[in-house]
Amino acid sequence: MEVRQIAEKVYEITCGTTHYRIVNQKIKELVAEGAERIVLKEVYGQRYIGTGIRGNVKIEIHGTAGNDLGIFLYGPEIEVFGNAQDGVGNTMMAGKIIVRGHAGDVCGYGMRGGKVYIEGDVGYRVGIHMKGYKNLIPTFIVGGKAGNFFGEYMAGGRLILLGLNRKPGEDIVGDYCATGMHGGVMYVRGEVPERYLGKEVKVFETDEEDMKILREELKGFSEAFNIPLDEILSEPFTKIVPVSARPYGRMYAHRWGIASGLIK
Amino acid sequence: MACYSEMSGCGLAGIVNRDGKKISGKFIYDSITSMKERGNGMGAGYAAYGIYPEMAEYYAFHVMLDDINYESEVNAVLNRFFKVVKKEIIPTKSVPSLYKKTKPPVFYRYFVEPKEEAKLPMETEEDLVVRAVMTINDGVKGAYVISSGKNMGAFKGVGHPDEIGDFFEIKEYEGYIWLAHTRFPTNTPGWWGGAHPFTLLDWAIVHNGEITSYGTNKRYVEMFGYKCTLLTDTEVAAYIFDLLFRKHKLPIKAVFAAMAAPFWKDIEYYKERGEEELYEMAKMIRMIYAPAMLNGPFAMLFAFKDGVIGFNDRIKLRPFVAAVNGDTVYMASEESAIRVICPEPEKVWMPKAGEPVIALLKHCSEDSVCHPA
Chain A
1 MEVRQIAEKV
11 YEITCGTTHY
21 RIVNQKIKEL
31 VAEGAERIVL
41 KEVYGQRYIG
51 TGIRGNVKIE
61 IHGTAGNDLG
71 IFLYGPEIEV
81 FGNAQDGVGN
91 TMMAGKIIVR
101 GHAGDVCGYG
111 MRGGKVYIEG
121 DVGYRVGIHM
131 KGYKNLIPTF
141 IVGGKAGNFF
151 GEYMAGGRLI
161 LLGLNRKPGE
171 DIVGDYCATG
181 MHGGVMYVRG
191 EVPERYLGKE
201 VKVFETDEED
211 MKILREELKG
221 FSEAFNIPLD
231 EILSEPFTKI
241 VPVSARPYGR
251 MYAHRWGIAS
261 GLIK
Chain B
1 MACYSEMSGC
11 GLAGIVNRDG
21 KKISGKFIYD
31 SITSMKERGN
41 GMGAGYAAYG
51 IYPEMAEYYA
61 FHVMLDDINY
71 ESEVNAVLNR
81 FFKVVKKEII
91 PTKSVPSLYK
101 KTKPPVFYRY
111 FVEPKEEAKL
121 PMETEEDLVV
131 RAVMTINDGV
141 KGAYVISSGK
151 NMGAFKGVGH
161 PDEIGDFFEI
171 KEYEGYIWLA
181 HTRFPTNTPG
191 WWGGAHPFTL
201 LDWAIVHNGE
211 ITSYGTNKRY
221 VEMFGYKCTL
231 LTDTEVAAYI
241 FDLLFRKHKL
251 PIKAVFAAMA
261 APFWKDIEYY
271 KERGEEELYE
281 MAKMIRMIYA
291 PAMLNGPFAM
301 LFAFKDGVIG
311 FNDRIKLRPF
321 VAAVNGDTVY
331 MASEESAIRV
341 ICPEPEKVWM
351 PKAGEPVIAL
361 LKHCSEDSVC
371 HPA
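Chains as they are written, first to last, in the numbering used here: chain A, 1 to 264; chain B, 1 to 373.
Think of the hints as simulated: they come from the structure by calculation, not from any bench. Wrong hints could be hidden among the right ones.
[What the hints assert, rightly or not] Using C-beta positions, here's what the derived DEER-type ranges look like:
1. B/Asn187 to A/Pro193: 50 to 60 Å
2. A/Thr206 to B/Thr216: 47 to 57 Å
3. B/Asn295 to A/Tyr133: 29 to 39 Å
[Unchecked claim] Residues from chain B that keep clear of chain A, each with C-beta distances beyond 10 Å, as calculated:
4. Lys22
5. Asn40
6. Glu88
7. Glu172
8. Pro251
9. Met293
By construction, the Cβ of each residue, glycine as well, lies at the ideal position given by its N, Cα and C atoms.
Go ahead and model the full structure; you've got the sequences and the hints to work with.
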């Protein structure tokens with residue numbers, strides 16, 4: 001590992017195959033010293049980058065970001081020039097992650113705030129159990145396609161799938177999409193085959209209000225990857241929302257609750 | 001939580017040069033060592049193909065001995081089945097950190113030629129080799145055959161991948177196919193025989209995950225004379241592969257359709273889509289080979305003399321990435337493990353669940369491939 005200062009409050013770390021503990025420790029030290037931008041070069045799968053730091057620091061990653069990039073992220077902005085692996089934005093709280101490439105499985109797991117933009121495809125189980133509360137609304141936007149279990153058990157937030165690189169006849173999303181979804185909203189550019197959708201959701205066409213949200217959310221994505229917003233919005237979107245806020249309520253709830261009419 | 005890929009650890013890596021050109025062990029060593037975090041130092045191993053070109057016509061037996069005194073008994077069994085052409089202790093280097101964990105066993109390698117008169121009626125040469133392996137593993141105390149193919153070998157033990165790689169001097173070998181594994185034992189003990197790869201004849205397997213259907217699979221292969229003696233689930237996958245591929249001569253895709261069978265609803269969908277033949281075939285494979293289906297979360301790499309095949313369980317509960325650069329195909333648990341040895345591959349992708357990545361040598365077509373007899 002090699003660290004050097006390239007400008008005022010800007011540092012560069014050449015990571016190579018240095019252990020993630022050492023790299024992350026160094027990042028924390030530099031942030032504590034007032035660094036505003038940290039450029040990581042030659043990243044080979046170092047995990048947990050960006051976690052444990054608060055504030056407005058910007059981290060640039062050149063190489064392949066390791067698992068759980070930005071886990072519990074609380075403020076920083078991370079930009080990856082390359083691909084990311086599994087668990088991008090796991091349980092993220094605030095901040096922004098931009099990946100200029102593809103990302104792996106279980107991204108955005110339990111995410112509760114902030115924004116994640118992935119330029120390419122994502123793997124399986126992306127956006128599972130995303131949450132939202134009042135004005136804390138996480139947004140996860142995928143420019144490419146997604147694998148199975150997209151938005152499984154989703155409880156809040158906004159999950160947007162664009163499939164911009166999709167070839168004719170190719171599925172935009174895999175099986176078990178939105179299974180057990182009970183909160184939040186999912187927008188898919190194009191159609192989702194009925195057989196892939198969970199029983200707990202309903203599909204709608206987008207209305208004025210939805211287009212306003214999409215326009216607002218996609219603005220950042222369009223700027224990040226330099227794709228015209230009108231081009232993204234040139235195709236109709238499918239809106240997927242849950243039928244019930246408690247799809248399994250009756251399955252687990254106490255008999256008393258059902259009998260007394262408190263649980264429907 | 002099953003869906004969280006890091007929890008059960010284990011890392012795997014594979015390299016195949018489709019031209020059959022030799023690659024130094026240094027590359028696989030660097031690749032697997034970069035994923036050290038995925039293991040806990042309780043098991044690592046390598047498999048290499050094309051490492052014994054001068055002895056390519058003989059079966060190379062790598063045998064692990066708890067005590068050097070057991071060698072005479074192994075020798076006695078081998079002499080019953082084979083003409084032993086050459087035998088030697090596998091050279092190892094001193095790695096002090098390894099000795100803090102366990103006392104390493106002794107490793108012997110034998111180059112052998114099957115005796116015609118040792119064959120039972122109806123038995124092929126491969127059957128004889130399999131029987132010899134089972135006899136030693138099951139019958140000779142403290143001795144385990146860890147590989148038994150031609151022009152290939154397995155090297156494994158209790159340690160981190162760099163420790164095991166240094167111990168066996170992996171960087172000194174050159175092969176056209178390499179597999180490697182770093183282990184995080186969960187359900188079964190971390191011992192020298194339980195490290196990956198698992199091999200039989202020239203099949204080698206490395207595995208990340210667990211086979212929850214182990215009981216069913218074990219009983220199934222035992223009906224065909226295989227004996228599971230290495231105290232871990234992965235072993236059974238090697239034997240199922242041998243049974244389906246070599247003995248039953250199933251086409252390569254059918255083998256994987258049996259081991260990671262599609263769900264019934266997906267099979268029904270083949271029919272809806274008008275693919276009657278595929279529907280019938282998938283249905284039959286699922287019914288006939290039900291006990292060969294591997295359940296549970298896994299990613300696996302299979303290697304044999306003609307190539308490497310990587311595949312996932314059908315809902316992809318373990319990570320698996322593949323890449324191509326020129327004539328070389330890479331597979332690993334993490335993309336970074338590929339980029340460490342090949343920074344800019346032409347293509348990198350995350351294969352779909354249950355869909356095998358088949359990387360064969362150029363001279364093999366998928367149909368002709370490798371029913372060895």
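Now the hints, each set against the structure:
no. : hint                             : result
1   : B/Asn187 to A/Pro193: 50 to 60 Å : violated (37 Å)
2   : A/Thr206 to B/Thr216: 47 to 57 Å : holds (48 Å)
3   : B/Asn295 to A/Tyr133: 29 to 39 Å : holds (38 Å)
4   : Lys22                            : holds (25 Å)
5   : Asn40                            : holds (15 Å)
6   : Glu88                            : holds (34 Å)
7   : Glu172                           : holds (22 Å)
8   : Pro251                           : holds (25 Å)
9   : Met293                           : holds (19 Å)
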